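These protein sequence lines map, in sequence, to chains A and B. Each residue of the first sequence is one higher than the one before, counting from 256 in this note's numbering. Each residue of the second sequence is one higher than the one before, counting from 256 in this note's numbering.
Derived from the structure by calculation, the hints contain no laboratory data. Each hint should be verified, as a subset may be incorrect.
Identical chains share a label here; the pair holds if one copy fits it or two copies do between them.
Said to hold, decoys possible - Heads up, simulated DMTMM-like pairs for lysine to aspartate or glutamate below, C-alpha to C-alpha not over 25 Å straight-line:
1) LYS525 to GLU613
2) LYS306 to ASP630
3) LYS288 to GLU496
4) LYS437 to GLU554
5) LYS286 to GLU554
6) LYS437 to GLU770
These numbers were taken from a predicted model, which means no experiment stands behind them.
Number of protein chains: 2
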Amino acid sequence: MTSHPPPPTNALVTPLLTDLYQITMTYAHWKNKRHEEHAVFELFFRKNPFKGAFTIFCGLDEVVRHLHAFQFSQEDIEYLKSTPSLQNCDPEFFEYLLQVDCSQMQIRALQHGCLAFPRLPLVEIAGPLAVGQLLETTLLTLINYPSLLATNAARMVLQAQDHDQTRQRHDTLPQHCPRDPKCIEFGLRRAQGPDGGVSASKYAYIGGFIATSNVLAGKLMGIPISGTHAHAFVQSYLSLEEVQDLTITQKESGEQVNLLNKVLEYRDNKNHSNIGDAFQKTNEGELAAFIAYASAFPESLLCLVDTYDTVNSGLLNFCLVALVVHDMGYTPKGIRLDSGDLAGLSMACAQKFAQLAESQQRPFFHSVDIVASNDINEKTLMELNQQGHAITVYGIGTNLVTCQAQPALGCVYKLVELNGKPRLKLSQDAGKVLIPGRKRPYRLFGKDGTPLLDLMIDARKDEPPVAGKPVLCRNPFQELDRTMVTPSRVVPLHGLFFGGNNDDDKSATVNNLQESKNFVLEQLGQAPQGLLDRSNPKQYPVTVSDNLYNFLHKMWLEQLPMKELS
Amino acid sequence: MTSHPPPPTNALVTPLLTDLYQITMTYAHWKNKRHEEHAVFELFFRKNPFKGAFTIFCGLDEVVRHLHAFQFSQEDIEYLKSTPSLQNCDPEFFEYLLQVDCSQMQIRALQHGCLAFPRLPLVEIAGPLAVGQLLETTLLTLINYPSLLATNAARMVLQAQDHDQTRQRHDTLPQHCPRDPKCIEFGLRRAQGPDGGVSASKYAYIGGFIATSNVLAGKLMGIPISGTHAHAFVQSYLSLEEVQDLTITQKESGEQVNLLNKVLEYRDNKNHSNIGDAFQKTNEGELAAFIAYASAFPESLLCLVDTYDTVNSGLLNFCLVALVVHDMGYTPKGIRLDSGDLAGLSMACAQKFAQLAESQQRPFFHSVDIVASNDINEKTLMELNQQGHAITVYGIGTNLVTCQAQPALGCVYKLVELNGKPRLKLSQDAGKVLIPGRKRPYRLFGKDGTPLLDLMIDARKDEPPVAGKPVLCRNPFQELDRTMVTPSRVVPLHGLFFGGNNDDDKSATVNNLQESKNFVLEQLGQAPQGLLDRSNPKQYPVTVSDNLYNFLHKMWLEQLPMKELS
Chain A
256 MTSHPPPPTN ALVTPLLTDL YQITMTYAHW KNKRHEEHAV FELFFRKNPF KGAFTIFCGL
316 DEVVRHLHAF QFSQEDIEYL KSTPSLQNCD PEFFEYLLQV DCSQMQIRAL QHGCLAFPRL
376 PLVEIAGPLA VGQLLETTLL TLINYPSLLA TNAARMVLQA QDHDQTRQRH DTLPQHCPRD
436 PKCIEFGLRR AQGPDGGVSA SKYAYIGGFI ATSNVLAGKL MGIPISGTHA HAFVQSYLSL
496 EEVQDLTITQ KESGEQVNLL NKVLEYRDNK NHSNIGDAFQ KTNEGELAAF IAYASAFPES
556 LLCLVDTYDT VNSGLLNFCL VALVVHDMGY TPKGIRLDSG DLAGLSMACA QKFAQLAESQ
616 QRPFFHSVDI VASNDINEKT LMELNQQGHA ITVYGIGTNL VTCQAQPALG CVYKLVELNG
676 KPRLKLSQDA GKVLIPGRKR PYRLFGKDGT PLLDLMIDAR KDEPPVAGKP VLCRNPFQEL
736 DRTMVTPSRV VPLHGLFFGG NNDDDKSATV NNLQESKNFV LEQLGQAPQG LLDRSNPKQY
796 PVTVSDNLYN FLHKMWLEQL PMKELS
Chain B
256 MTSHPPPPTN ALVTPLLTDL YQITMTYAHW KNKRHEEHAV FELFFRKNPF KGAFTIFCGL
316 DEVVRHLHAF QFSQEDIEYL KSTPSLQNCD PEFFEYLLQV DCSQMQIRAL QHGCLAFPRL
376 PLVEIAGPLA VGQLLETTLL TLINYPSLLA TNAARMVLQA QDHDQTRQRH DTLPQHCPRD
436 PKCIEFGLRR AQGPDGGVSA SKYAYIGGFI ATSNVLAGKL MGIPISGTHA HAFVQSYLSL
496 EEVQDLTITQ KESGEQVNLL NKVLEYRDNK NHSNIGDAFQ KTNEGELAAF IAYASAFPES
556 LLCLVDTYDT VNSGLLNFCL VALVVHDMGY TPKGIRLDSG DLAGLSMACA QKFAQLAESQ
616 QRPFFHSVDI VASNDINEKT LMELNQQGHA ITVYGIGTNL VTCQAQPALG CVYKLVELNG
676 KPRLKLSQDA GKVLIPGRKR PYRLFGKDGT PLLDLMIDAR KDEPPVAGKP VLCRNPFQEL
736 DRTMVTPSRV VPLHGLFFGG NNDDDKSATV NNLQESKNFV LEQLGQAPQG LLDRSNPKQY
796 PVTVSDNLYN FLHKMWLEQL PMKELS
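Bound conformation, chain A alone (with noise of 0.2 Å):
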């Protein structure tokens, strides 16, 4: 809280990217002399996405830069008062607004990153009530979109790590790069709007994707960007004449070699043992194009197979351009498969590899990277698993952008306490009663140093719980589940991102980027049993305190309208 933030990555988030009915409910709490009334509002969802049991919250380090840069500027103000909907208002209001920041607020939210469950607070906005009101839509759209998309991602790498357990399985598979799967975003293109993009290509990183082809999230964030040419680039190449002049630098000598000419001398077993007439057969415009590219980048040669046809012509053309690559001192990087049975694909470039590896004495082809795109989703990645693939890297895009499988988050906003006052929402959907009052949330620990459950307090009444010390936890809805827990550490859940330091709470620091992924990664390699899994994961309880569970169910029962039979 030293220094400021910048501002938010995205110029339009400022206090006026929000629901009119903020504004419109801040002139009616100004209007009533009610807005500076101390109210607290709480950010929590309902139902883990994707039928899962977690939930990686994130969006938060955009939401501390916008608190800070949060001012409403003149021509806000103008554009205001000029809409019909506000024309009648006393024009004081506007004078209020205008001045109107965020100095008088304190956030407290989970760290970023942390795992998330439903009805955990992961945000707590507390403050002037109006200027709470005024946040919400903001807020939540900087934080519905995040935390769903790195849930996403961090779904699509599991799943895509699942991979080693089911090639045993497998004993007919080529043992090919015997590592676990990457996977890169690839999904600007199909992204909804660019905030979209550049938001995915963040917050996949976060989730557990190590690079995205976005640059622009490159610039920006310095995610790793990964990417090297498409099958417009194939196209733009018809013969081997247009490339005839091409040369490659000899990397030791620095001599420059043409390139055809060595590509032909394997192609046409000038000087070579005979690598085989299928080589000969090839799209020339395609081998063309793989020598351009070779040319222009030796160090990091990545083929896009699949323009004609990937097992007969684009895999053979990656073959012999990289066996020159090869013999000028670079390592070939790989191939991109774009089209078709992507696990057959993948098993039949593998173990031409192999093949070639052994019969032309070159190790590297064993640890070339075959890249799998083309609409890939998380119900790909478990069938690619089963037919068992040669896959090392997945680029994956609209589907994890746009979070096909449930494409929004379902955080809400709600006042939970005024005046120090608890507030409740009924509902005629009993999962949608709101827990009122203010809270504390802990994360309980067990021996092993697995997250046994968490813990909900009332801020105002609770001590907080001990390690080593026996506290009950009881679910809010259900009288009978209680558990009696003794955890071996206890972890705060909420820090103060901010605010001023008016109470016992020392100020609590952003997770940056890459604190925000290994804090994801720690998480996921501790989650407890079944938390993870596919069908039917183990959902994790978040309970509340006895005094909690008693203050909510008296509460609830003075305010929900006593039926009446006569």
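Here the structure of chain A is known, so what remains is to put chain B in place on it, guided by the hints.
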């Protein structure tokens, strides 16, 4: 083209908002001295979204802004130089990149808001190979989501407005507000990033929504904004004491009248005919909140009525306050339902309104709005119509903005010509084979003003179709599917939206927001029969000229390798 448009709405839209492979390909082209070769790319999709038969083309507005502003900054270049993937590139390349702009490009496209169909070139990008390549990802990002969203919005509006038709079948329904239900966009908080929200507001308006809750979209684009209050506002009041001093201004006399006293006169039947005992058993905190809201916004009283109990509390509290507000000279606007059985609740509310209109002699109750929100999607709208309801306005959020039913449109960007020579891309998936060469699309209309089909001709060889003259139109992939069309009217579908006038084309101007919206409405009004059907809609033919058909098949046979058997 005489004056430059403003920069893109989202400042993230810069040349770096692209995939790395566009830069690496550009380097390879530059290094091999092919970057200036004249290329033609086409942007198109292969399948309509949402199992439908039409797509609304949108996003051209931001594309044109991007083209005008396209320029790498020195900072961008420094970043690119520093990335591992590009660190071995010739330093002169970066000098080239720094001076790249779109001054040599010509962009033809459908008009903004045009109905589009599979394989129709939405945008044709012509100019130097490298620049065309550098534009790919950004253009896809700027078109995919806007077109998807506008289409989703239009489908929802069409579905919502099936209402009257359905209602005729339900004679028991109260004839409340016998006008077509309207749709308002409420999705910002669940959008995929801030820009997803702002884009959604804009393109939903073009697709037929009448307003948005998003204030920033109102400011930036002049879209009508809408909103009143949330549950939090209701929860913030606990008792009538909190509003005992609030007044309302008598509209004609200007007199300040105590609002609570007037409300209590109705509630407790002090000076009025018996309004019913039920009114005395409502939640008083809620009544206080409505009084507070009416005091601030007497001109636009619209209350959220489901915080505690819609029929037994919220509805009745609204009616009490509405009576007073009406006495003071204003017309109350209505209620909003945000949970429960929306069809049944809306009917119950309409019945109460009809009853009060009569018993209290207040005809205005017949025409107050019944707004419904809460996870509405196309399917819910259909079910509501089937059940029968009295909803007059839908607030649609999550499922509109995230396009839940299909969260991405699959536009692609393909090289179709280089140096005047058509380029082909084959594929193991026949549906992905490219139609090579540069084309001009036309829409052919029948006598009744309805479009018959679209025809793409060879831009280099074919004569444009002419009204009154028969022209052979062929399915590009099916030999036997041929139609001789004598159009009554022929409309060229492409306008030149960017680039110098080197040929006969006249520059076109992108439809503004209102023009786009009107254009969509007009086209949907004259859509061919079956096109808008929701189950098994009739697909609209996109055909090619006989010449283009023959050329495509000749080239295809030439480039597809002959199978060999021996």
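Taking the hints in turn, this is what the structure says about them:
1. Within a single copy, LYS525 and GLU613 get their C-alpha atoms as close as 20 Å, which meets the 25 Å cut-off; across copies the closest is 100 Å, which misses it.
2. When the C-alpha separation of LYS306 and ASP630 is checked against a cutoff of 25 Å, the pair qualifies both within a copy, at 21 Å, and between copies, at 18 Å.
3. In this homomeric assembly, LYS288 and GLU496 come within 25 Å of each other (Cα to Cα) only across copies, at 14 Å, whereas the closest approach inside a single copy is 81 Å.
4. Taking CA atoms no more than 25 Å apart as the test, LYS437 paired with GLU554 passes inside one copy only; the shortest distance there is 20 Å, against 59 Å between copies.
5. In this assembly of identical chains, LYS286 and GLU554 lie within 25 Å of each other by CA distance solely across copies; the values are 15 Å between and 67 Å within a copy.
6. Taking the closest pair of Cα atoms, LYS437 and GLU770 come within 25 Å of each other only inside a single copy of the chain (19 Å); across copies the shortest separation is 47 Å, beyond that limit.
Comparing the model with each numbered hint stated earlier shows that all of them hold.
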